[in-house]
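**Student:** Sequences listed follow chains A and B, in order.
With my numbering applied, the first sequence has no gaps in its numbers, which climb one by one up to 341 at the end.
With my numbering applied, the second sequence has no gaps in its numbers, which climb one by one up to 341 at the end.
Among these hints, one or two may not hold up.
Copies of one chain are not kept apart here, so a pair can be met inside one copy or by any two copies together.
[To be verified] Using 30 Å as the maximum straight-line C-alpha spacing, the simulated BS3-like pairs for lysine-lysine come out as follows:
#, residue 1, residue 2
1, Lys-251, Lys-278
2, Lys-262, Lys-278
3, Lys-74, Lys-190
4, Lys-321, Lys-278
5, Lys-196, Lys-253
6, Lys-190, Lys-120
7, Lys-35, Lys-63
8, Lys-253, Lys-35
9, Lys-268, Lys-253
10, Lys-196, Lys-63
11, Lys-321, Lys-35
12, Lys-262, Lys-251
13, Lys-278, Lys-120
14, Lys-253, Lys-278
Source of the hints: derived by calculation from the structure; they are not laboratory data.
Computed from a prediction, not measured in an experiment: that's the story for all the values here.
There are 2 protein chains.
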Amino acid sequence: MQNITVALDAMGGDFGPRVTVPAAVQALSHFPELKVILIGDRTSITTQLSSLGYQVDARLSIKHCDRVISNSEKPSLALRNGQNSSMGRAIDLVSVGQADACVSAGNTGALMALSRFRLKLLPGIERPALISALPTVSGNRTWMLDLGANVSSDADSLFQFAVMGSALAEQYLDRPPRVAILNIGAEEIKGNDLVKRCAEMLSNTESVNFIGYIEGNQLFHDYADVVVCDGFVGNICLKTSEGTAQLFIDKLKTYMMASSIKGWIARKLFSGLINELKTLNPDQYNGASLLGLRGIVIKSHGSADVEAVVNAIGEALHEVKRQVPSRISDRLEAVLLERHY
Amino acid sequence: MQNITVALDAMGGDFGPRVTVPAAVQALSHFPELKVILIGDRTSITTQLSSLGYQVDARLSIKHCDRVISNSEKPSLALRNGQNSSMGRAIDLVSVGQADACVSAGNTGALMALSRFRLKLLPGIERPALISALPTVSGNRTWMLDLGANVSSDADSLFQFAVMGSALAEQYLDRPPRVAILNIGAEEIKGNDLVKRCAEMLSNTESVNFIGYIEGNQLFHDYADVVVCDGFVGNICLKTSEGTAQLFIDKLKTYMMASSIKGWIARKLFSGLINELKTLNPDQYNGASLLGLRGIVIKSHGSADVEAVVNAIGEALHEVKRQVPSRISDRLEAVLLERHY
Chain A
1 MQNITVALDA MGGDFGPRVT VPAAVQALSH FPELKVILIG DRTSITTQLS
51 SLGYQVDARL SIKHCDRVIS NSEKPSLALR NGQNSSMGRA IDLVSVGQAD
101 ACVSAGNTGA LMALSRFRLK LLPGIERPAL ISALPTVSGN RTWMLDLGAN
151 VSSDADSLFQ FAVMGSALAE QYLDRPPRVA ILNIGAEEIK GNDLVKRCAE
201 MLSNTESVNF IGYIEGNQLF HDYADVVVCD GFVGNICLKT SEGTAQLFID
251 KLKTYMMASS IKGWIARKLF SGLINELKTL NPDQYNGASL LGLRGIVIKS
301 HGSADVEAVV NAIGEALHEV KRQVPSRISD RLEAVLLERH Y
Chain B
1 MQNITVALDA MGGDFGPRVT VPAAVQALSH FPELKVILIG DRTSITTQLS
51 SLGYQVDARL SIKHCDRVIS NSEKPSLALR NGQNSSMGRA IDLVSVGQAD
101 ACVSAGNTGA LMALSRFRLK LLPGIERPAL ISALPTVSGN RTWMLDLGAN
151 VSSDADSLFQ FAVMGSALAE QYLDRPPRVA ILNIGAEEIK GNDLVKRCAE
201 MLSNTESVNF IGYIEGNQLF HDYADVVVCD GFVGNICLKT SEGTAQLFID
251 KLKTYMMASS IKGWIARKLF SGLINELKTL NPDQYNGASL LGLRGIVIKS
301 HGSADVEAVV NAIGEALHEV KRQVPSRISD RLEAVLLERH Y
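Modelling step: build the complete structure from the supplied sequences, incorporating the hints.
**Tutor:** What follows is the structure, encoded as C-alpha cells:
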C-alpha cells in the first residue's frame, strides 16, 4: 500500500487545533495509508496531541509556523504576506511534492489566491472553482460548482467549470455525467447573458453531455450529475439550502426534546427519520475541492467539527487515488482539441 | 365599505380557468369588499362557473379575449402582440382605472414588460422588482426582492429595490425595517462589485435602516426585514429554499403515511407537525408584488392551486388598502431629496 501524505492547516477554521488535531488523529486510525503533516503553532498542536495521549511519529509530523490568515484578510494581502502562514506552508508542501494534497478550513479567498500562485493552474483553465457534492432524494450525488472560489465569472470560465466538474464526476459514475446550468427557468429564453452564452458553448461540445438548464427546486431530484453556476450564485444557493435543511431538522428536534410523554414517543419514533433527514442536508459532505490547479486542495467548512474534518481528509485521499488533476487535464485537452482552440 | 376591483388573468398559470375561476368564487366569499373581473376565454370561464353553480353577477364579470401568452414567449414578443391577451387586458383595466389591481399567474417576463409599458414606472425607479415575504423561525416575515423580474441589475437598481422593499415592509411593521443585502459572507471584504457598491450607497442613506450583509443560511432567522439581491440570485435562492423545504416535508409525509404502527402513532400524535413545517416553506405565501409601478400587479405562482390564488387576490386587496404605490413614491422622494439627485 502506497502512503498518501496530507498537509493539514492546523490553524484554519473557527476552532483551530482543538478540532484539526483530534481530526488528524482519528483520520490516521481510519485510513491506514495516510500520513499527516500538521502545520501551525507547535505548542498548541502539541498540547492537543498530549491531551489525546498521542505524539508525533512516523505518520504524524508537525511543521511549526507563527502566522495565521484571518477570515477577514483580503486575498491580495494574504498573497503578499501569507506564504509563511499555516495555510501558505500547507500549500507549499504540495507544490514541492512533500505532500500529495492539502486541507484547510481557512479563508476561502486566501486559499484560492495562494493555491493559484503556488500550484499554478492547469493548461486551459483561467480560474479554479470550488466543487462539492449535494445529496439527492435517490441517494445519488450531484456535484455543484463554483461554490464561491470566484465572486464573478464569464462564460468561458463557466464552460471550463462544466468540463472540470464533468471530469470529476466521471471518476465516480459509470456513464457520461449529465451536465446542467443553474438558471431561473428551464426554457431556452430564460436567464442572463452569462448562462445563455455558456449553454451555447456546451451545446456545441460533444464531449460534454449537456442536458440544459436546471432550476433551484430541482437540485435534489437527481436530474443532473453536475450543476454549473457562477461562484456568487452557487455559494448563496448552497448556504440557503443548508439553512433551510437545518431549520427543518431543528424544528423536528424541538418536538423530540420535549420532556413530556409526547417528547419521549417522538424520540422513539423520529430518531431514525432525523438521521435520514440529515443525509439530505448538503452540509453533510465536508470537503469541497478547489478544481483547476496542478495539485489537490480541499477546503473544509470553517465551522467543521472533528468528524467533518476527517471527511475532508478522506476526500483528499480519494482525489489523490483517482489522480483528479491529471484526469481533468486529459479531459480539458480533449475538449480544447474538439473546440479547435 | 369601499369596493375593490381585481382584474384576474383567468388564463394564466399551469391550470388556467380550472384554478382561477374557483379561486375567484372563493375569494368573493372570503372578501366582502371584493369585485372580480375574469379575463379570458368566455366559454371556458362560463363552463367552470356553471360547474360551481355560479354565474356572473354584480361582483363577478367576464371580459372575453382569445389570446393567451405562453410561458415560453419572449417578453419582447409579448410586448408587441400581447396587449390583447388575457394578461395584457388585465393590466389595461388597472391602467384605465376600471380595476384597482391585477393578478396573473402567467409568464413573469411578459407580465413585467406589459406592466411597465402600460402602467409606467414610479418617478426615480428604473426597473420594477418582484417582492415576496419569506417565513422566519420567529413567526415574523422577511421580504425579499428582486425575485426574478430582472435577470441582471446594477447598483442603482439594487439601491432602489432596497428603498421600495423598505417602504413596503414599513406598512406592516411598527419600526424602521432592517434592510440587508444578500451576499456570500458577512465581512465587508466579501462579495462582488454590485453588492459592495450598493452597500456603500445604503450606508450613506439615513432614511434606510441598512444593517449590512446577510448570508443564505440566515434568511429564515429574522435577522432582517428586507433582503435585497439581484433577480437572478433571488429567484434561484427562493426556488432552492422551496425545493429543500418540500423535500423535507415529503420525507416526513412518507414517514407518517406508512401503514405501520409507527406511522399510525405518528399520525395520531403529530398531525400538527406537518402543518407547522409547511408554515416554514417560503412557498406558502403566494402572491409576489411587482413593485415600482404606478399600479398594483400581483404575480401568482404558475403552479398555484385554488387556495394559493385566493391568497394572491388577498395580497392585492392588502396593497390596494395600504396604497402601496403611493407609499413607495413618498419614500423614494424623501430618499432622492436626501441623496441630492
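**Student:** Compare the structure with each hint and give your call.
**Tutor:** Hints, one by one, checked against the model:
1. Lys-251 with Lys-278: both (13 Å within a copy, 11 Å between copies)
2. Lys-262 with Lys-278: Both: 22 Å inside a copy, 20 Å across copies.
3. Lys-74 with Lys-190: Classified as between: cross-chain Cα gap 9 Å, same-chain 35 Å, threshold 30 Å.
4. Lys-321 with Lys-278: Classified as within; 28 Å inside a copy, 44 Å across copies.
5. Lys-196 with Lys-253: Neither: 43 Å inside a chain and 38 Å across chains, both beyond 30 Å.
6. Lys-190 with Lys-120: between (36 Å within a copy, 24 Å between copies)
7. Lys-35 with Lys-63: within (13 Å within a copy, 76 Å between copies)
8. Lys-253 with Lys-35: Close neither inside one copy (38 Å) nor across copies (45 Å); limit 30 Å.
9. Lys-268 with Lys-253: both (12 Å within a copy, 17 Å between copies)
10. Lys-196 with Lys-63: Neither: 48 Å inside a copy, 38 Å across copies.
11. Lys-321 with Lys-35: within (14 Å within a copy, 69 Å between copies)
12. Lys-262 with Lys-251: both (15 Å within a copy, 20 Å between copies)
13. Lys-278 with Lys-120: Answer is neither: 37 Å inside a copy and 48 Å across each miss the 30 Å cutoff.
14. Lys-253 with Lys-278: both (11 Å within a copy, 16 Å between copies)
In summary, the numbered hints that this structure violates are 5, 8, 10 and 13.
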